[in-house]
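Given the coordinates of chain U, assemble chain P onto it according to the supplied hints.
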Amino acid sequence: DAKTTQPTSMDCAEGRAANLPCNHSTISGNEYVYWYRQIHSQGPQYIIHGLKNNETNEMASLIITEDRKSSTLILPHATLRDTAVYYCIVRTNAGKSTFGDGTTLTVKP
Amino acid sequence: EPEVTQTPSHQVTQMGQEVILRCVPISNHLYFYWYRQILGQKVEFLVSFYNNEISEKSEIFDDQFSVERPDGSNFTLKIRSTKLEDSAMYFCASSGRNSNQPQHFGDGTRLSIL
Chain U
1315 DAKTTQPTSM DCAEGRAANL PCNHSTISGN EYVYWYRQIH SQGPQYIIHG
1365 LKNNETNEMA SLIITEDRKS STLILPHATL RDTAVYYCIV RTNAGKSTFG
1415 DGTTLTVKP
Chain P
139 EPEVTQTPSH QVTQMGQEVI LRCVPISNHL YFYWYRQILG QKVEFLVSFY
189 NNEISEKSEI FDDQFSVERP DGSNFTLKIR STKLEDSAMY FCASSGRNSN
239 QPQHFGDGTR LSIL
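The listed protein sequences correspond, in order, to chains U and P.
Counting in this note's numbering, the first sequence runs from 1315 upward without gaps.
Counting in this note's numbering, the second sequence runs from 139 upward without gaps.
Bound conformation, chain U alone (with noise of 0.2 angstroms):
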């Protein structure tokens, strides 16, 4: 499985935008970048995912670089409740999803 490096924690400043990077550089050509979050115990939220290009949903932004190796979620506008833990995943085939330690995001009034 390919793996992927996050910063363990990062505060952002509420109405500001949040910038999450994630290295991936072992990513094959055929798998997807995944993004989820986690708010306490509750399950994993989907939030976007991408393959090579840009994407944009109505929580998030992806942009991936293009060697692939790396990604970063941005979320525009960031509010207190989006404060979570957010994972980085390069998925198998089969669909098995490795999730990492992620990144604590804090979102400060």
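Since the hints were made in silico from the structure, they are not lab data.
The structure displayed is predicted, hence computed values, not measured ones.
Built from N, CA and C at the ideal position, the CB exists for glycine as well.
Keep in mind that the hints are not guaranteed to be accurate.
[Claimed, not checked] To spell it out: a stretch of chain P is covered by chain U in this simulated footprint if at least three of its residues, at any positions, have a beta carbon under 8 angstroms from a beta carbon of chain U; those stretches are:
1. 164-175
2. 178-185
3. 225-239
4. 243-250
Quick look at chain P alone, frame taken from chain U:
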């Protein structure tokens, strides 16, 4: 918006007893998964299931574990003889017609083994 539902939200069981955790995936999804998260630890993959077969399983998913899709709506995880170390949150997930589609998770069942 459709969601994955899991029951019960909390299950307390004596060590050595059998337990069945239940999940109702999103209705038109074809891929099903179980994960677990021991308190304070990472979310761990257990098993993936497609077309009535296990697609992939982890080392955790030993002979004590089994999965079943007994009808068109439910997806269950059975632990035959529970151990103290099986205490964890168990999350069910499902994804759509293509294995690359995102997995959607339920809110989990907290399993406590006494």
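Structure versus earlier hints, numbers of those that do not hold, lowest first: The structure breaks none of the hints.
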